[in-house]
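Using the sequences and the hints given, assemble the complete structure.
Each chain is listed here by its residues.
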Amino acid sequence: MEPVGISHFMTVGAIMFVCGVVCMATKRNALGVLMGIELVLNGANVNFVALSSDFLTTNPARGLGLDGQFIALFVIVLAAAEAAVALAITLNFYNNHSTVDVDRADELKG
Amino acid sequence: MELSALLPILLGIAWLLPLASFTLIVLFGPRMGKHGVGASYLATSAIAIGALCSWFSLFCWFGHYGFKPAEHGAGSQFAAADHAEALTPALSQGEKETATDHESYPRAYTNDLYTLGQFGSLKITISYYIDALTVGMFAMVTLIATCIHFYAIGYMHDELHDVTDHEVTLSDGHHLHRPGRFHRFFQYLSLFCFSMLGLVYAGNIAMVFVFWELVGICSYFLIGFYIERKSASNAANKAFIVNRVGDFGMIIGLMALWGGLGTFAFGDVTDADGKVERGIFSQVRDPANGYALAAPDGMVRSAAFDAVEEIAFEHPGRLMPGAAASEINSRIPSWRADHYGYWLLVIAGVGIFCGCVGKSAQFPLHVWLPDAMEGPTPVSALVHSATMVAAGVYLVGRFLPVFAPEVLLVIAYTGCITLFIAATIAITATDIKRVLAYSTVSQLGYMMLALGVGGWVAGLFHLITHAFFKSLLFMCSGSVIHATHTNEMTKMGGLRKKMPVTAYTMLVGCLAIIGAGIPFLIGFSGYYSKDAIVAQALSFSLANPLHGAVFFYAAVGGAAMTAFYMFRLWYMTFAGPPRDHHIYDHAHESPKIMYRPLIVLAVFAALVGCTVPDWFPALGGLGVQNLLEQARPAGELGEGVLMAGLAYPEEHASHAHSIHVQATVYAFSTALGGFLLATVFYGLRWLNPADVKQQFFPVYNFLLNKWYFDELYDFLFVKPAHFVAFLITFVDRRLIDGFIDNLARWARKLAHFDDLIDRYFVDGLVNLTAAWTYSLGSSLRSLQTGRLRQYVMLIVIGLVALSVLINFASAR
Amino acid sequence: MNWHTFFFLLFALVACGFAVMVVLSSNIVRMALYLIFSLGATAGLFFLAGADFVGAMQLMIYVGGTLVLLVFGVMLTAQGPFVSMKTRGGDWILAALLSGSLLAFLVPAAFSIKEWTNAPPAAAEEHHAAAGRGRAEAKVRFALTSTPAENADAAADESSTAALPGMAAQPATATRLGMGLLGVRVDKLEGRSPELQRGMSGYLLPFEIVSVHLLVVLVGAAYLARSKRRATR
Numbered sequence: 021m022e023p024v025g026i027s028h029f030m031t032v033g034a035i036m037f038v039c040g041v042v043c044m045a046t047k048r049n050a051l052g053v054l055m056g057i058e059l060v061l062n063g064a065n066v067n068f069v070a071l072s073s074d075f076l077t078t079n080p081a082r083g084l085g086l087d088g089q090f091i092a093l094f095v096i097v098l099a100a101a102e103a104a105v106a107l108a109i110t111l112n113f114y115n116n117h118s119t120v121d122v123d124r125a126d127e128l129k130g
Numbered sequence: 100m101e102l103s104a105l106l107p108i109l110l111g112i113a114w115l116l117p118l119a120s121f122t123l124i125v126l127f128g129p130r131m132g133k134h135g136v137g138a139s140y141l142a143t144s145a146i147a148i149g150a151l152c153s154w155f156s157l158f159c160w161f162g163h164y165g166f167k168p169a170e171h172g173a174g175s176q177f178a179a180a181d182h183a184e185a186l187t188p189a190l191s192q193g194e195k196e197t198a199t200d201h202e203s204y205p206r207a208y209t210n211d212l213y214t215l216g217q218f219g220s221l222k223i224t225i226s227y228y229i230d231a232l233t234v235g236m237f238a239m240v241t242l243i244a245t246c247i248h249f250y251a252i253g254y255m256h257d258e259l260h261d262v263t264d265h266e267v268t269l270s271d272g273h274h275l276h277r278p279g280r281f282h283r284f285f286q287y288l289s290l291f292c293f294s295m296l297g298l299v300y301a302g303n304i305a306m307v308f309v310f311w312e313l314v315g316i317c318s319y320f321l322i323g324f325y326i327e328r329k330s331a332s333n334a335a336n337k338a339f340i341v342n343r344v345g346d347f348g349m350i351i352g353l354m355a356l357w358g359g360l361g362t363f364a365f366g367d368v369t370d371a372d373g374k375v376e377r378g379i380f381s382q383v384r385d386p387a388n389g390y391a392l393a394a395p396d397g398m399v400r401s402a403a404f405d406a407v408e409e410i411a412f413e414h415p416g417r418l419m420p421g422a423a424a425s426e427i428n429s430r431i432p433s434w435r436a437d438h439y440g441y442w443l444l445v446i447a448g449v450g451i452f453c454g455c456v457g458k459s460a461q462f463p464l465h466v467w468l469p470d471a472m473e474g475p476t477p478v479s480a481l482v483h484s485a486t487m488v489a490a491g492v493y494l495v496g497r498f499l500p501v502f503a504p505e506v507l508l509v510i511a512y513t514g515c516i517t518l519f520i521a522a523t524i525a526i527t528a529t530d531i532k533r534v535l536a537y538s539t540v541s542q543l544g545y546m547m548l549a550l551g552v553g554g555w556v557a558g559l560f561h562l563i564t565h566a567f568f569k570s571l572l573f574m575c576s577g578s579v580i581h582a583t584h585t586n587e588m589t590k591m592g593g594l595r596k597k598m599p600v601t602a603y604t605m606l607v608g609c610l611a612i613i614g615a616g617i618p619f620l621i622g623f624s625g626y627y628s629k630d631a632i633v634a635q636a637l638s639f640s641l642a643n644p645l646h647g648a649v650f651f652y653a654a655v656g657g658a659a660m661t662a663f664y665m666f667r668l669w670y671m672t673f674a675g676p677p678r679d680h681h682i683y684d685h686a687h688e689s690p691k692i693m694y695r696p697l698i699v700l701a702v703f704a705a706l707v708g709c710t711v712p713d714w715f716p717a718l719g720g721l722g723v724q725n726l727l728e729q730a731r732p733a734g735e736l737g738e739g740v741l742m743a744g745l746a747y748p749e750e751h752a753s754h755a756h757s758i759h760v761q762a763t764v765y766a767f768s769t770a771l772g773g774f775l776l777a778t779v780f781y782g783l784r785w786l787n788p789a790d791v792k793q794q795f796f797p798v799y800n801f802l803l804n805k806w807y808f809d810e811l812y813d814f815l816f817v818k819p820a821h822f823v824a825f826l827i828t829f830v831d832r833r834l835i836d837g838f839i840d841n842l843a844r845w846a847r848k849l850a851h852f853d854d855l856i857d858r859y860f861v862d863g864l865v866n867l868t869a870a871w872t873y874s875l876g877s878s879l880r881s882l883q884t885g886r887l888r889q890y891v892m893l894i895v896i897g898l899v900a901l902s903v904l905i906n907f908a909s910a911r
Numbered sequence: 002m003n004w005h006t007f008f009f010l011l012f013a014l015v016a017c018g019f020a021v022m023v024v025l026s027s028n029i030v031r032m033a034l035y036l037i038f039s040l041g042a043t044a045g046l047f048f049l050a051g052a053d054f055v056g057a058m059q060l061m062i063y064v065g066g067t068l069v070l071l072v073f074g075v076m077l078t079a080q081g082p083f084v085s086m087k088t089r090g091g092d093w094i095l096a097a098l099l100s101g102s103l104l105a106f107l108v109p110a111a112f113s114i115k116e117w118t119n120a121p122p123a124a125a126e127e128h129h130a131a132a133g134r135g136r137a138e139a140k141v142r143f144a145l146t147s148t149p150a151e152n153a154d155a156a157a158d159e160s161s162t163a164a165l166p167g168m169a170a171q172p173a174t175a176t177r178l179g180m181g182l183l184g185v186r187v188d189k190l191e192g193r194s195p196e197l198q199r200g201m202s203g204y205l206l207p208f209e210i211v212s213v214h215l216l217v218v219l220v221g222a223a224y225l226a227r228s229k230r231r232a233t234r
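Chains E, F and W, in that order, are what the protein sequence lines are.
For the first sequence, the positions run 21 to 130 when the working numbering is used.
For the second sequence, the positions run 100 to 911 when the working numbering is used.
For the third sequence, the positions run 2 to 234 when the working numbering is used.
Note that these hints are calculated values from the structure, not bench results.
No false leads were mixed into what you were given.
Sample of chain W residues lacking proximity to chain F, with all beta carbon distances greater than 10 Å (derived):
no., residue
1, M22
2, A57
3, M61
4, I62
5, R193
6, S194
7, S202
8, L205
9, E209
10, L215
11, V217
12, V220
13, S228
Label pairs and their computed distance ranges (CB to CB):
no., chain 1, residue 1, chain 2, residue 2, range
14, E, L128, F, S874, 19 to 29 Å
15, F, L893, W, G81, 29 to 39 Å
16, W, A223, E, L128, 22 to 32 Å
Built from N, CA and C at the ideal position, the CB exists for glycine as well.
As C-alpha cells, then:
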C-alpha cells in the first residue's frame, strides 16, 4: 500500500468541503447552515495542513512549510469569530421571528 | 425823450401787454373772478392801455413830423436810420419841419432789441421797424381790438355758466353739456393781439414769419373755440392747413432772400462797432442808386454761378475762399445789366406773396375764410376782417420795395380774380356771416389789386378803412345773431324796429363799404379809399392798356356787386316783413356793452377816410392818407424787365385831376347802380329775386356752391391723399403685417414640429432608456429571492464554474 | 500498511462518515453531535500530518469552543418544530448534482500533482517507466509546476530513501509557530531571500489584526444577541 500523501488528505478535505456545501445548501435550520459553514472551513483547514506537512510529501522544501499551519490557525480563529457572529444573528432572528427556518428569512427579497 | 427811443418803448408796451395778459389768464384764468369773468377785464384793460399807448405814440408822431409828408411827390426819401443817428437829425428836424431837405429825413426807426442767435453770418434777432405805417397800424389794431374786447364781454356771457351745445350730438343722442370757457376766449384774444402787434412791430422778415405763424395758430384756436362741433374743428383745421400751403411759398421766398441778401432785416442796422449791416430794402433799392430796383449782389452772384465758377477756376490760388472775390465783384454790374439775378428777385417776391395769398385768403387759397365763420362773431370781427387777414396786405405793403414789377402784376391779377369770384358768391349767400366773409375776401382782393397796380397808399388806406367798417359790420351781425339765435337771413326781416342801434350802425357800415358819399365833397371812409383804388387802376390802364383794362373793369364791376350784396344783406335783415315770427318776437336789442362799441366804430367808419382840409387851423392835413404818405417807400416802382412794356406810373399821378374825376364818376355811379338794384329787389320788393334765381338757375347754383372750389380741392388733393394713404395702409397691413404674421405663423408651425420631435423622439429616447433600465432592474430583482439556501447554491455554482474555467485556462 | 496509514484511514473514515451523516441527518441535535465527532477526527488527521499544535488548537478552540457555542445555540432554539426540519426532494437533487460536480472536480485535482501523492522514488521510476499514457502529460505538468531549481531538487530527491520521506525527526511545531507569530521565521532560515535568511517576514501583523478582530467580533456578537428589554410597563 502506498504511503499516505497530500492527495489523500486533500480528498478527505474535499469530501468535508462538499458535505459542508451540501449542508449549507439544503438545511432549513439556520444552525444547520452554520454547521455546514464549519465543515467547509474545516475541509479547507485539512487542505492547508496537509500541504504544509513534511511527512506527506517527497519534497517538503516545495511545500508550504509552516505557512500552512499559520493559515490553519488563523482560519480556526476566524471561524470562531464568524460562528459567534452567525449565532448572534440567528438568535436575534429567532427572538424576532420565533423561528430558525431560513426559508422564512426572505424579507430582503427584491 | 427823442422819438427814436420813445416810440419803440411805447409800441413795445402796447405789444407786450397782451402777452402779459395771456400769461396771467393761462395761469390763473379759472380763478379770476366768478366763473373767470376777471379774465375779460384783464384782457380788455391790457389792450385798452395798449390802445392808449398806440394813440399817444400816434400823437407824438404827428407832433414831431406833422400831419403832412414833407414833400408829396417824387423822390420822397426812404432811409433807415439807427438808434444813434436818429438823435441829432430828430432834434434838428423839429425845427425844419416844413423843410424840403429830404436827404436826411429819417422816417423809420429800426434797431435790434435782442439777438436770439448768430449762426455764422445768419443773425436771428428781435428787432423793430417803426415808421408811419407801423404807428398807424398799431393805432387801428389796438382801437378795434379794444372795441371788440368790450363787445365780446357781452357777446360771450353765455360761457360764464355751463353750456348745452345744441349743435353737438353725442353718441347717446344727447346734446353736449359742458362747463363754460369764458376765460379761455380772452386768453386767445390776448395772444392774438400780441401776435398781430408783433407782426406789425417786427423789423426783420424772420420775426414776421414767426408772428405770422403765431397769428395762424391763434386763428386756429379762435375758430375752433367751439371745438366739440365738427364743423368748427374742421374749419379750424382748414384754416391752418390752407395757410400752411401759402407759408410753404413764403419759406421759399425767405430762402431766396436769405441766399441772395444774407440778411433778414428790413432796414440798415448799425451795431456797436459802427459797422452798418445793410437791410433788405437798402440792398434791393440802393440809396446811392436813386432807390431804383436792382437785383442785389448776392442774387446776381448766385444766378451767374457758372461764370463765377469759371473765374474761380482760372484764378490763381483758386482753392482759397475769397481769392477771386474782387474779380467777381467787379463783374457783378455787367452781369446785372444782363439781367442775371432778376429771376431770383422775382421768385423771392412771388414766394413772399404766396404767404400773403394764404393769409389774406386770395384766390386760390380763399376757401378757408368763409368756413372760419364757425368761430364766435368777435373772432370774425377782429381776426377775420380787420387784422389777421390784413396782415397779408400789410406785408405786401411793407415789402413793396422788394417786389419787381412782374411780381406786382401777379399780385394785381390775383387780387382781381379774387375780388370778382368772392363778390359773385356773396350775391347768393344767405348766411349773414358768410356774406360778410365773402365780402371780406373781395375787399382784400381790392387791396391786393390796388397794391399790384402801384397804389401803395390807396391799398393800405383801404386796409385801414376796411378794418373799421368790416369789424363794425361783423359786430352788428353778431348782435343780430345774438338776438335771433340764427345766422340765416332767410329767417330774419324787419328787425330794425326791434334793434334800432344795430340797424343804423350797420347802415353806416354798409354805406361805408359801398363808398357812399356826395361826390367831390364828402363821403364815408370807403368812398375815399375806393376812389383812390379806382383812380390808380385808371392811371395804370393808361400806361398799360391791356392789363389795365382788366383791372379797371374788375374794380368797377366789383364796386357794383359790393353795393348790391351789401344792401341785399341790409334789406333782408332789417327791412321788409319778418319772415319768421317766432324769431322776430324774441328779437331784442343787445345790451349796452355790446352796442356802445358799435357806435364808436360807426363814428370811425364814417370819418376815418376824411382828411381835414388844409385851411383848418392846427389840424390841417390830419388824415390817414397823409399819414401813410409819410411812410411811402422810396423809389419808383420801375419798369418791367422780363415783361417789357410793363410800366408802373407814380401814384401821385392818379391824383391828377382828369384821372381823379373820371375815377370818382365811375366808382360812384357803379355803387349807386348796385344800391338801386338791391333796393328794387329787396328794399322795395318791386322785383322778385326768386324769378331771377329761376331764370339763371345754373349760374345761381354755381354761385351758391361757391364755384365748387371745395369740391375741386377735394378731388384734386383730398382724394389723392386718401388714396395714397389707402395704398400705404394696404402695403402696411397686407404686405408688411402679412409678412410678419406669416413669419410668426411659420415660426409657430416650426415650434410645433420641434415640440413633436422633442416630445416623441428625444423624450421618447430618454424614456425608453429609462424603461429599459427599469425593466432590467425589475427582472434582476427576481434574483433577490431572499432565500439563503438559494444564495448558497449560487455561490457554489459560481465557484465551480470559476474553478473549471481556471483549470482549463491554466491547463492550456 | 503501517500505523500511519491505518490511523489515517480510521480518522479519515470517521471524519468523512460523520460529515456525511451531518448532511443526511434531519435532527439538529444529532447533527451537532455528528459534527463534533467529525471535527474531532479532523484533529487526529492534523496530528497525523505533523501539525501537532494546530491539531491541539483544533480540539481546544474549534471543538471545545466553537462547537460548544453551536451546541448552545442549538439548545436555545431547538424548540419543538425546529428540532427536525426536512428538506424537500428537489433540493436534494440539486445538492447532489452540485456536490457531485464539485467532488468530481476536486478529487482528480487533488491527485493530479505527482508530488502530492507521496510515492517513493521507485514508485516514481515506475511511474515514469510505465507511463505510456500521459507520459508527456506528466512531464508537461511537471515542467509547468516546477522551476529549474526545483527540478534539480526533485532529481536529487529521487535518490532519497524509499521510506516515508521527511521522517527525519522534526522538533515540535509549537515553538516555531509561536516565533513565527511574533515575527521571527525560524523555520525559513535557509530561505532564498535575504529577509527569510535573516528570519524576518513573520505573521506579527496578521496576529494582531486577528486578535483585535476577534475582540471586536465578540463584542459585537454579544451586543447583537443581547436580550432586548420589552417595553411593557
